[in-house]
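Asker: What follows is each chain in one-letter form.
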Amino acid sequence: MVDEKGYALLLKDIHKSFFQNEVLKGITFGIRKGEVLGLLGSNGAGKSTLMKIVAGVYRLDQGHIYMDGREVSIKNAADASACGIAMVYQEFSLIPTMTVGENLFLNREKKKAGLIDDKKCRAMAKKAFEEFGIDVDPDEYVENLSIGNQQLVEIVKALMHKPSVLVLDEPTASLTHKEIQLLFAFVERLKKQGIAIIFISHHMQEIIQICDRAVVLRNGMVEMDQSTSGLSVGAMVEAMIGKKLNQKYLQPGSPVNYEKPVLRVEHVSWSDKVKDISFEVYPGEIVGIAGLLGSGRTELAKCIYGLIKPDEGKVFLDSGEVPTGKPWMSIAKGISFVPENRRKSGIVGIHSIQYNMLMPIWKRMTKRFLIDEKKCAEDAEAMREKLQLKCTGIEQEVQYLSGGNQQKAVFAKSLLIQPKMLLLDDPTVGIDVEAKAAIARLIRSIADENNGVLLISSEMEELERLCDRVLILSKGEIKKELCRNKGDEITEAVLAEAIQTA
Amino acid sequence: GAEGQTAENAAGTEAVSEEPGVNAETDEAGNAGGQWLSVIPGYGNEAGEYAKGPNGEEAVPTTDISLTEEQYAQIREKGLKAAMIWAGASEWYNAMTDGAKAEFEKMGIEIVATSDAQFDPSKQATDIETSMALKPDIILSLPVDPVSGTRAFSPAVDAGVKIVFADNGVDGYKAGEQYVSIVTGDQYGMGRAAAKLMAEAVGGKGRIGIIYYDVDYLVTNNRDNEFVRTIVNDYPDIEIVAMSGFSAENATGEVASAMMTQNPDLNGIYVSWDVAAEPVVSELRAGGYKDCKVVTMDLGGNNDLDMAQGGNVYGKVADMPFQIGETMAKLAALSILGEDAPAYVVSETVSMTRDNMVEAWNQSLNKDPDSSVLEILGK
Amino acid sequence: MAKKFDYKKYIVYISFVIVLVVFSILLRDKGFLSYGNMMNILRQTAMISVAAVGMTFAISAGLIDLSTGAVVAISALVTALALRVTGWFPAVLAGMLAGLACGFFNGLIVAKVRIPAFLVTLGTSSVYAGIARTITNLEAVPITNARFNFVFGAGDIGPISTLFLWTIVIMILGHILYRKTPFGRAVLAVGGNEVAARYSGIKVEKIKLWAMTICGMTAAFAGILYAGRLNGARYTLGENDNMSVIAAVVIGGTSFSGGKGTIVGTIIGSIVIGMLNNGLLLMGLSVSEQMMARGLIIILAVSLSLREKIEN
Amino acid sequence: MAKKFDYKKYIVYISFVIVLVVFSILLRDKGFLSYGNMMNILRQTAMISVAAVGMTFAISAGLIDLSTGAVVAISALVTALALRVTGWFPAVLAGMLAGLACGFFNGLIVAKVRIPAFLVTLGTSSVYAGIARTITNLEAVPITNARFNFVFGAGDIGPISTLFLWTIVIMILGHILYRKTPFGRAVLAVGGNEVAARYSGIKVEKIKLWAMTICGMTAAFAGILYAGRLNGARYTLGENDNMSVIAAVVIGGTSFSGGKGTIVGTIIGSIVIGMLNNGLLLMGLSVSEQMMARGLIIILAVSLSLREKIEN
Ligand SMILES: Nc1ncnc2c1ncn2[C@@H]1O[C@H](COP(=O)(O)OP(=O)(O)OP(=O)(O)O)[C@@H](O)[C@H]1O
Ligand SMILES: Nc1ncnc2c1ncn2[C@@H]1O[C@H](COP(=O)(O)OP(=O)(O)OP(=O)(O)O)[C@@H](O)[C@H]1O
Ligand SMILES: [Mg+2]
Ligand SMILES: [Mg+2]
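Protein chains in written order, with the working numbering: chain A, 4 to 505; chain B, 105 to 483; chain C, 179 to 490; chain D, 179 to 490.
Same shape as in the complex, but just chain A (with noise of 0.2 Å):
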């Protein structure tokens, strides 16, 4: 057994069950002053249900939790952060309607006469954001600034209040190259504070730059507690799903057929966001998209699909045209949209994943009028079959699914459109390495029966697995393009210089 002195944080024997799903079976390890220790296990393996725990969101049924060799009982999120706990948490967990000021001092608001005084909370604020280097205006409301800063400042929050211990849940999912780097001097920093920082990641290499430990979970149980000096991604790989992946680039099928492109974009410009961007995706190719954040690759893909209707420019597919800003003739002349943000704008939690696989083909599972049940079934059963999805039937609702199986629902919903040409935005946030892998060698069958996948990625190791050629974005312009038949070398060190100095 560990000793409770030495360390800020100490959990020691953790259980917690959701009714009669056993999530947590016995966690113990501990987290000293200064230290970085990275958290891994694949979705659902319970990381943030023990964070949770440990910041007073969710109560644990069994268990100890020491902090500094004293005993504490955390309640609720109002103890964990009299404790000195403070978390970011995986979703998004600021009010978007308020401003960023008002958000860093909720429920902690500094007072004058009884009174909250803004003037105090404004100036501490912008303080905060100058020492940190970051351009957030105070003033500004939450829901007005871009998914990056958004994350930004909610790290911010949970520094506002020098905490002894920090969690951050998966950080760096929303972030981008230049903001990660950011966010690892600032761990570098608090760490010389000696707070204490627990680091959740499904990006094994960000563990093996900045954590100083890792603890892997796996069913329940921590399955390696182990410095990470000399650690292997391939070892952790193997902790956390019990057996060894292969990372390399995934080749075609069959050689890329160049004469008749699947898809071609002339002209297209949507407000400031994309400016006249033209290009051709082939049979059987996928071509990556890589760019900053804000670099307009969303909003280019939407244009594609038709979400936003471009201010300029013509979209055709086998040579028809597709009319613009209307996704449902996109989705019957054959493109297919996996959007970025799966819980907001790829799944009907409520419904079953039948229902969600078929939302955009109802029309299509009709026979005189009526949905046929049976072919509807069927269909649904022979997508979950061939995509491995884990789930207890086709009728279970998605939102009790892990993040993965959520992930190829999103992808089934967009097969069973029997796409030509599919759009993928950031397909792989949030998902862990083995998913990962399953989901890479799904997009590579997909271009392989003949189809063209676009593939937005903010992880250059996805871009070099998969893409045959990779156009790097910036500022709404396409400013350079890497083929791999034109003998350009694809590896992330390419990609992450082309998308600095672009």
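Source of the hints: derived by calculation from the structure; they are not laboratory data.
Misleading hints may appear alongside valid ones.
[Claimed, not checked] Here are the simulated DSS-like cross-link-like pairs (lysine-lysine), alpha carbons at most 25 Å apart as the crow flies:
1) C:Lys358 with A:Lys377
2) D:Lys381 with A:Lys114
3) D:Lys290 with C:Lys186
4) D:Lys187 with C:Lys290
5) A:Lys122 with D:Lys187
6) C:Lys208 with B:Lys394
7) C:Lys381 with A:Lys423
8) A:Lys377 with A:Lys393
9) D:Lys384 with A:Lys113
10) A:Lys114 with D:Lys384
11) D:Lys208 with B:Lys210
[As the list claims (entries may be wrong)] Reference listing, derived: stretches of chain B covered by chain D, where coverage requires no fewer than 3 residues with Cβ under 8 Å from a Cβ of chain D:
12) 220 to 229
13) 236 to 244
[Unchecked claim] Here are some chain A residues the structure puts well away from chain D; computed CB gaps all over 10 Å:
14) Gly136
15) Lys195
16) Gln254
17) Ser322
18) Ala335
19) Ile353
20) Lys366
21) Ala443
22) Leu445
23) Cys486
Here a beta-carbon is modelled for each residue, glycine too, at the ideal position from N, C-alpha and C.
Fit chains B, C and D with the ligands to the supplied structure of chain A, relying on the hints for placement.
Answerer: For chains B, C and D with the ligands alone, kept in the frame of chain A given last:
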């Protein structure tokens, strides 16, 4: 009158809650139907030949109120303005408005505002205040609530506006001081007339039910109470076997069908007024209770059609809103000319059965019944 | 992972049985269980049931309609007026068209101007009520067309009221549209997650527009049934029905925030409310007592069926 | 990226000016702009304004209260009855306590049983209306306490109605609570993102409970002002006010889904509605026409202030 009602009603509270309209046998003490006398809100009001004014004034029939040609001319010269602040809206109010309008036209009086408080006392207070900006010389009004009316009408009283009330007075006001007079239908007379119609309908003998307005609203309560009193006192062979209240006029169908479920052999039902009787009639029709006759108050197309077709509706009693409107206008004019205006004026009562429908409509509302009714009647 | 019995799905049926049994015992001497009384309940709830079918579509799409009552009145008046000059079929068509127009207007503002349906219909309920009052200047319009009166209200086929038959017809049509057609699925998707529905190529605006229009049309049909039942129309019809209609839908198990529901549940919900009204009356409660009892029972039923899980 | 002028925030002020100017011109001969008429409007809207302050808290927390009207009646009756036996202060206290109890009960069910506030208060509005009817068995209760009547309604201090002064007092208290205290922030946080509020250590249930309670208390105070204004109480008071109160809040710029709002906007919203009612009546419109005009104008105002961004 409205006075003294509060105390008596408060005393009657327990009586109501003890036996709230349950299916009852005749009182063993021989006081047939006695327990029904205290069910309806405001049952404590005394009846008279005509009711008396709120301060005991004797009633004068509307036919006694008139202006000479000379007086019309005098009024026309003054170029006056009038506002009409009613409590609700219906055909009955339409007729009253039309009656007043017709008179005001003759008098060259401009109508500057018309409003309907939708039975909300505070809206009526607001309407009065607002219309004062238009500086009316005359206000015709049907007060929603005599209690709050005292305050609500005070801006108009203070400004010296001539106020004529319909139906209700206002607590603490005296005729000739705060207001000119009250013009009303003969509420008690209507109750008695309805009882008489009911007796006719059931052939002087039978079992009847009553669906009354379970809301404190003086005019309706007076009519309903007088109906019950008359049946109990004057028609010993007619037995009241069920009484149920309602508060929403659309929700009487459920009440009627529950009553018929428990008393399938009812010979007649009295309902407080025409609109509330519509769902009752439809339930009787749907339940196949052809022989259960309905008697109610006020005229209205749907039930009158049923009556013309020889359906469940046997008879109706109405006052004369058109005439009330006319009289109110006349009284206001008289008061402006400094003439004596009687404090309490009562319109006649019309009893309508299938035989006198056209006449009754013309008397009461100053128009013919609906064309479909005329068609059925062959006129 | 053993699945717990999800009793919430069946709450409306359980409520139905409980209310039925309790009243049958309490009112065993008062004819509650008699055939006639049961048919009374079915007849009296027909209008609420029919309007609630449309409301189920609106609520399932994440919307609501507060103008139902006024639309009921408008369509009843339009039908009654039309019956003076034409036969029953064109008259019914006219009434339905009036409801369609009202619902379409609601839907247009909801979908195109994008303000919450609650506020849109709060406004239009006032507008429509004003129109209903104006059409005939507050006067009643009697209906003499015997066939219309028979078919749409006062008639019986065998021992069964035509009103109840219409309820069944609308229920079946509604059920098919709701459960068996792409439109119904789209309504549920829009109510479940509007953004995801848009991303899946569903024409969200169109679906909202039609959900509101259907709501207007069933309200109109309820108005026609009122007219048939009363052999006439007037502007006060439906005035107090809006809340009953919404309560029927929610008690019937439709999620108040959209995305889930059943038409059959709605009808049962409406009948439960009807049984309550009927039973409370037969028990001899005063109007005030009925109001209190009804309110409490509704809260209870909703508590059982809608109690939300806490996030953690 | 130049920031666009966010006119939506000021819609209620713009509406205010437009309505004022239009009526001033249309009704220049009819005394609309006279001091007396302006004071009329302020006096008449006081009750709606006061109740709307509490409703702003409820709506900002993502809730709603449909029982306001019934609470108004209960508190007015309780105060009036208490005035028969005690002085004005204990009587007002009694009225406020009644409102507090009603609001607290609403809040308890919303927070603890976790069903949507719309449905909870749909039920309690029926319960409370039944209670209001029962308290005095439908009787009106006159108030003879001159001091009470002066202070809470009928009085003027200098040329200014005490009702307007009360509006100002409640507005200022409300504004401070809403904008300047952690409680106000917590209300907005709960309405803006309930989960995030919970993560920030806010006791979401407690906040909801108190938001509903405050709503009940302002409704109670509105009831007391009604009693003072009318020198008496009656169970029908406030019956038709619920929708006006909600409309005032929303026109005032409070987001219907919670998280955003202003108390001052609410008061201006209420005055705008009051000006409309006043002006339409002075124009000589019939009641039906007034209803239609009011509905349309409300839709218009809400369209301008609440039009939602399309989310994709
Ligand atoms: N509120 C809840 N109710 C029921 N089950 C829950 C709840 N929250 C989490 N779970 C379940 O607990 C398990 C652990 O979830 P958790 O979110 O902790 O995983 P995680 O390790 O953070 O995964 P990810 O990498 O996807 O974030 C999952 O099976 C999940 O479905
Ligand atoms: N000023 C803004 N106001 C509101 N939303 C914004 C604003 N700027 C960006 N967003 C939203 O934030 C998200 C990220 O926008 P961004 O322009 O960074 O997209 P991107 O270039 O595709 O980057 P990524 O795909 O990495 O998110 C988009 O959904 C966008 O709609
Ligand atoms: Mg997690
Ligand atoms: Mg993006």
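Asker: Look at each hint and say if it fits the structure.
Answerer: Status of the hints after comparison with the structure:
no., hint, in the structure
1, C:Lys358 with A:Lys377, "holds (12 Å)"
2, D:Lys381 with A:Lys114, "holds (19 Å)"
3, D:Lys290 with C:Lys186, "holds (18 Å)"
4, D:Lys187 with C:Lys290, "holds (21 Å)"
5, A:Lys122 with D:Lys187, "holds (22 Å)"
6, C:Lys208 with B:Lys394, "holds (22 Å)"
7, C:Lys381 with A:Lys423, "holds (22 Å)"
8, A:Lys377 with A:Lys393, "holds (21 Å)"
9, D:Lys384 with A:Lys113, "holds (21 Å)"
10, A:Lys114 with D:Lys384, "holds (21 Å)"
11, D:Lys208 with B:Lys210, "holds (24 Å)"
12, 220 to 229, "holds (count 8)"
13, 236 to 244, "holds (count 4)"
14, Gly136, "holds (21 Å)"
15, Lys195, "holds (27 Å)"
16, Gln254, "holds (36 Å)"
17, Ser322, "holds (28 Å)"
18, Ala335, "holds (19 Å)"
19, Ile353, "holds (15 Å)"
20, Lys366, "holds (21 Å)"
21, Ala443, "holds (27 Å)"
22, Leu445, "holds (25 Å)"
23, Cys486, "holds (32 Å)"
In this structure, none of the earlier numbered hints is contradicted; all agree with it.
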